[in-house]
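*Asks:* Assemble the complex: chain A is given as a structure, and chain B must be docked to it using the hints.
Protein chains: 2
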Amino acid sequence: MVFSIAYMKKIIVLFVFSCSYLVHAQQHPIAFATAKEFAAIKQALQTDKGLLQQSFQQIKKETDAYIGKVIDVPKPKDAAGGYTHERHKANYNLMFNAGILYNITGNAAYAEIVKKLLLQYAQLNPTLKNHPEATSSSPGRIFWQALNDANWLVYTGLSFDLVYNYLTPTQRKSIADNAFAPIVNYVTVDIKDWFNLIHNHAVWATAGVGIVGVATDNEHYVQQALQGADKNGKAGFLALIDGLFSPDGFYTEGPYYTRYAVLPFYMFANALQQTKPALKIFNYRNSVLEKALLTALQQTNINGGFYSYNDALKEKTYVSGELVTALAMAWKYYGANTDLLVVAKQQNKVLLHTGGAGISKALATNKNIPAYLNYTTLELTDGADGKSGGVTVLRNGKNEKLTSLIVKYTGHGLSHGHYDKLNINLYDAGNEILQDYGAARFIGIEQKYGGRYLPETKGFAMQTIAHNTVVVDEQSHFGGKEEVAENYHGNKIFSNLQSTACKVVATNTSDAYKGVYMQRHIYQLLLPNAEKPLYIDIFKNIAATPHQYDLPFYYVGNLISFNQPYTAYTTNQNTLGAKNGYQYLWKEAEIKKLKNPFTQLTFLNGKTFYSISSLQQDSAQVIFARIGGNDPNYNLRREPACILRSKGSNITFINAIEIHGQFNGTTEVSSNTYSQLSSIEKLQDDENYTVVKIFYQQQPIILIQVNNLQALQQHHSITIQGLKYEFTGAYAVYLNHKKL
Amino acid sequence: MVFSIAYMKKIIVLFVFSCSYLVHAQQHPIAFATAKEFAAIKQALQTDKGLLQQSFQQIKKETDAYIGKVIDVPKPKDAAGGYTHERHKANYNLMFNAGILYNITGNAAYAEIVKKLLLQYAQLNPTLKNHPEATSSSPGRIFWQALNDANWLVYTGLSFDLVYNYLTPTQRKSIADNAFAPIVNYVTVDIKDWFNLIHNHAVWATAGVGIVGVATDNEHYVQQALQGADKNGKAGFLALIDGLFSPDGFYTEGPYYTRYAVLPFYMFANALQQTKPALKIFNYRNSVLEKALLTALQQTNINGGFYSYNDALKEKTYVSGELVTALAMAWKYYGANTDLLVVAKQQNKVLLHTGGAGISKALATNKNIPAYLNYTTLELTDGADGKSGGVTVLRNGKNEKLTSLIVKYTGHGLSHGHYDKLNINLYDAGNEILQDYGAARFIGIEQKYGGRYLPETKGFAMQTIAHNTVVVDEQSHFGGKEEVAENYHGNKIFSNLQSTACKVVATNTSDAYKGVYMQRHIYQLLLPNAEKPLYIDIFKNIAATPHQYDLPFYYVGNLISFNQPYTAYTTNQNTLGAKNGYQYLWKEAEIKKLKNPFTQLTFLNGKTFYSISSLQQDSAQVIFARIGGNDPNYNLRREPACILRSKGSNITFINAIEIHGQFNGTTEVSSNTYSQLSSIEKLQDDENYTVVKIFYQQQPIILIQVNNLQALQQHHSITIQGLKYEFTGAYAVYLNHKKL
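Residue numbers (the working numbering), protein chains in the order written: chain A, 1 to 740; chain B, 1001 to 1740.
Okay, chain A solo, but in the shape it has when bound (with noise of 0.2 Å):
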């Protein structure tokens, strides 16, 4: 983590406010509204007939059945999916829905559920030790892990607050004392290394014990909150906003787990808005958070689902409870975005703020929301600094005819991150086509392994043969440590976002592995008249002795042909290996020595037909795997892949991925479900040129790369097969000889 003048400033900031260190009664409600808001919402309420008025419905409605009645919270025992842990997480979000409708309706009994509660809790909580079900490095006490007792203390925290008028000083100081104080003492000095770790797990618990702080108007907890266990501005909110993400918004963990942590880093910054406006804490580092929010619904895909590299569950998309929060604090703080109404249609629910007043109002009167966000292509840097590669997403068409390859060079990305440096996944009409497999998981699934991340997470989903990315001798990147991945990142060589006839984004690393320098180039050709791009994929592997490289394309369809013959195994397979996730793949089929190093592989996904084109080295191997070794539980999904094979001391892959076609099972017809590609020679590969010749549709196309990467800018003559090429530049592509 580099902190350098963003830590300065930071230092600045911290120091205006810890000068005010003492503890004052302020106003309350004010950690999620103040009584003015919630007068403004119910102002608002009067006249909505749309999202807010259904929101409040279904929470009131929800919420009333518990008036009156004797809600439990039990002693801890279970894991996630089991009853207390369900009860305990139902218990904070009731408190919480009871303590807004408080404050909307003015009806005492809504307060009532919340004080019992609390009061319940000021019972429970000094009794407590590590929860029977800590199996992690940071047990909980309320629950099994320490994170989810930093979200029982975000929600607990705001749903004191909300009371707060109601509640006598002696109940209040109760809470204060026996609620809250034993768990945030416990994640504040029992496991203070993980409170004060730069790491989701760390945002929860810092947005939580602030809000506690602002809550019981205890100012120490406030100051931890934002600079650490021990006050020293190296942990706490601050930063991780500084460390967390990059200056374009990037957050470090990918976007699956933006849309995790932007609830409690929106939700705490709003309750620092209402105590500590001088902050200006939406402002902080370029309004960062606002960056961090467009830029995680940017990575999805149009179904709303978030990308899947890193760990990731392809079920949640941006319609989650965190982004129904994050949207409403976005909208009130930012102001208005025609993404923002995108996403909170598809939410069909808003947060009961006055922020979600504004959506819904809005929504009201714009009865023209387009059906998908507005996706462009879009590079991201990583890194507190920016300089830590980044991500670059290649896109072609709009709505349900967008296609998207994400080239991924980022930093690895804590604890959740994958080995996978210069993997690409390719999302076309809605689906996944080359898919990272994200995280094995059941979310909620107590049967699953408490529903916890399952082992063959780390095991395979992680591992870099899970990607479609290259894998040296079988070894995961990095040796499959997270410890030594957290010290490199990918590079970006260069890229040219702004042609539409040729986009190119060319990255790389010497680090992945020692004494192996790996160079990919990826180009988006659009070419005249084409609806759909065509990928040229130029995977460089330079070392000076002798590796197997691997690189699997892991296609999400059916297999429709294989231009050559293969040897299936259809009475007996066996696994493809032994360590390093090859434990996790039956090889299906194969070709041990390739005749020709020209492969085809076509298949169908939903209506389309895609192919992958690749030109390999002569005597190269295909394997046709599957998912699914090696997992007696069932906890992988059984899909496949095709893995080249190529053995050597310098290995170029190239490929071609095109998406062609269209299948219509119920007209019967379908059109071009050839590929359309028929050739692939590499003219010329050495350490200054790559010279690629690709025929397709029946037009030749000519790819000059420039491999000196002194010379990415200067100008260069090149004859190949009697015609002179001059260009000046990283490359050039010719299609028919005419420069695209």
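In case anyone wonders, no lab produced these hints; they're calculated from the structure.
Yeah, the Cβ is synthetic: ideal placement off N, Cα and C, and Gly gets one too.
Treat the hints with caution; some may be incorrect.
Stated by the list, open to error - Just a sample of chain B residues kept apart from chain A, beta carbon distances all over 12 Å, derived: (1) ASN1185; (2) ASP1193; (3) GLN1223; (4) GLY1397; (5) ASP1511; (6) LYS1532; (7) TYR1725; (8) TYR1734.
What the hints assert, rightly or not - Calculated cross-link-like contacts (lysine-lysine; reagent style BS3-like; alpha-carbon spacing at most 25 Å): (9) LYS579(A) with LYS1587(B); (10) LYS724(A) with LYS738(A); (11) LYS401(A) with LYS1061(B); (12) LYS724(A) with LYS532(A).
Claimed, not checked - Here chain A is said to cover these stretches of chain B; the calculated rule only asks that three of the stretch's residues, wherever they fall, bring their Cβ under 8 Å from a Cβ of chain A: (13) 1439–1448; (14) 1562–1571; (15) 1574–1588; (16) 1631–1639.
*Replies:* Just chain B now, with coordinates in the frame of chain A:
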């Protein structure tokens, strides 16, 4: 096939019409619609802003692109999916659309398209021999199979009739003699046996020849169409209506093929109604054509997908073109029907026909069309006389909450039938839960065996082991021989579909295997306050000598848990067997000898959990299998099954199928993820009674089933565990000792 009274009636009917056997020129157009009807459509288009207008504009746009263009009529060369196949298919559709547009708009440019194409076919067709890609027993001339030639006759015949008045007498004669006669003669003479089959191919062939007859004023053709090639009434269109439908309208090949056959049935019936109204073809056999359509629609999943039993492709739904045609005709001849509007709305187009105009108008005036068909519990007999078994669909719930369990005890269903007596399939919440594989086919994709049925359809999908029914000694029912299977059908012992609390269907067969009596009772219980049913499945197998009995459950979804330890083949796996479909299954895991005869499998499909609890014999086996062995070409989907295997003379499988809980990956909240069924006991199982005790939701369910088929209506008194139970009938179910 039993004809009896229906056959007599038909002979009388035919007598009436064959008396008027003479060639006479009548008004044209007549086969598809008359000039008067076209005038009505033209009139409707003046004001229609709905599907009629939209369909008209769409067809106009598509057809206008061909005006003045040279359209290829290539020499037949390619199989389905290939250029010449798709071109000829496109040509007949184009001629039909252009013919309709000519009659609506009066624009001669449309008639020119048809005329030119017809004259080209008049050049081509006399030169044709069997298609070079012909591999079926009924080769085609223009296409690889005669069926497609029959499709061509239907549409080209209609097209000729539509431009009849635009053609000169010389042109008419040339087309009749050279375009039509070679194909008509081919199907009625060269492959007469095929033309005379009782099979969907013959429906198309007779409709094609009949429509060409109507169009070209050739009564000989019409009579061949009606009465068979030899005009003796043993074959032909009326024999097909008699032979292919049960009195309930069940089409012997199943709903997927009803979809296909319904178009020529309705299209030729329409031409007959226009030219031979006295035949009252739409009232024939108590309006069996209407029943055929409505029962096929009832046999769909809520997404419109036809039940996938027999050869069926799951991507085909009721939006397919054949049903657009059938709907318009049904509307015209049988009148308004809300279910038709539900389907038409999904189809989002109508036929340019008076029926289509009527549907469009009804949709425009009725804005509250339900989203789903009005699905109800359904029972249909099979066989021309309704005495060849049948199918029962037990249903519960409405709309997206519909649950449907299909019990199949039909006849074989001709060449597309499967060896699946007493099979069950379950659909719930819009998804297939216990699936029938359907057929292995990638329709229209040339790379996949020319788009034809793949060998794996016969090899796997048809075999008994591919179904949720019992396989004896690893042999398929009837030895897997169609000619044997065609002689038999399953039997319904009785059913009770009236009770909401307990619906029952009891089925048996002694024919599937020599010496084995098989009997399956399915009980659909809806317990007090339950939303979803609980199914009890008692499958008895009785033989004099020991056998191996396999009962697979092709569950769709992720395995969540199994209640007993099993041995998983994690690094090496083998196929389950060598023939009869077993060779297509990998043995992933097994329990070689059950210690506890009570097994329980829980799986997740979509957002719902399902559990299959089973009581087997001691020392039975459980096999976890996956489709995909011996499938080097990736023709089959890699989907799982759990197979219960018991050995002995008399084996009773008792299963309970439970629908429970909810998974929500977005909110992370799951509920009722565990089965609530804790035990199954078999208290008695003999020739008189099977008595089962189940603990479900901590309450005992006692189910008493009468096995003595002579005693199904008698009064029974039976003491179970010291309690006396008295009831009259074939079964009784008690919850907490109270009769359901």
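*Asks:* Hint by hint, note whether the structure agrees.
*Replies:* Going down the list of hints, with the structure as the test:
no. : hint                      : result
1   : ASN1185                   : holds, 27 Å
2   : ASP1193                   : holds, 26 Å
3   : GLN1223                   : holds, 32 Å
4   : GLY1397                   : holds, 23 Å
5   : ASP1511                   : holds, 32 Å
6   : LYS1532                   : holds, 19 Å
7   : TYR1725                   : holds, 36 Å
8   : TYR1734                   : holds, 31 Å
9   : LYS579(A) with LYS1587(B) : holds, 23 Å
10  : LYS724(A) with LYS738(A)  : holds, 12 Å
11  : LYS401(A) with LYS1061(B) : holds, 22 Å
12  : LYS724(A) with LYS532(A)  : violated, 30 Å
13  : 1439–1448                 : holds (count 7)
14  : 1562–1571                 : holds (count 4)
15  : 1574–1588                 : holds (count 5)
16  : 1631–1639                 : holds (count 6)
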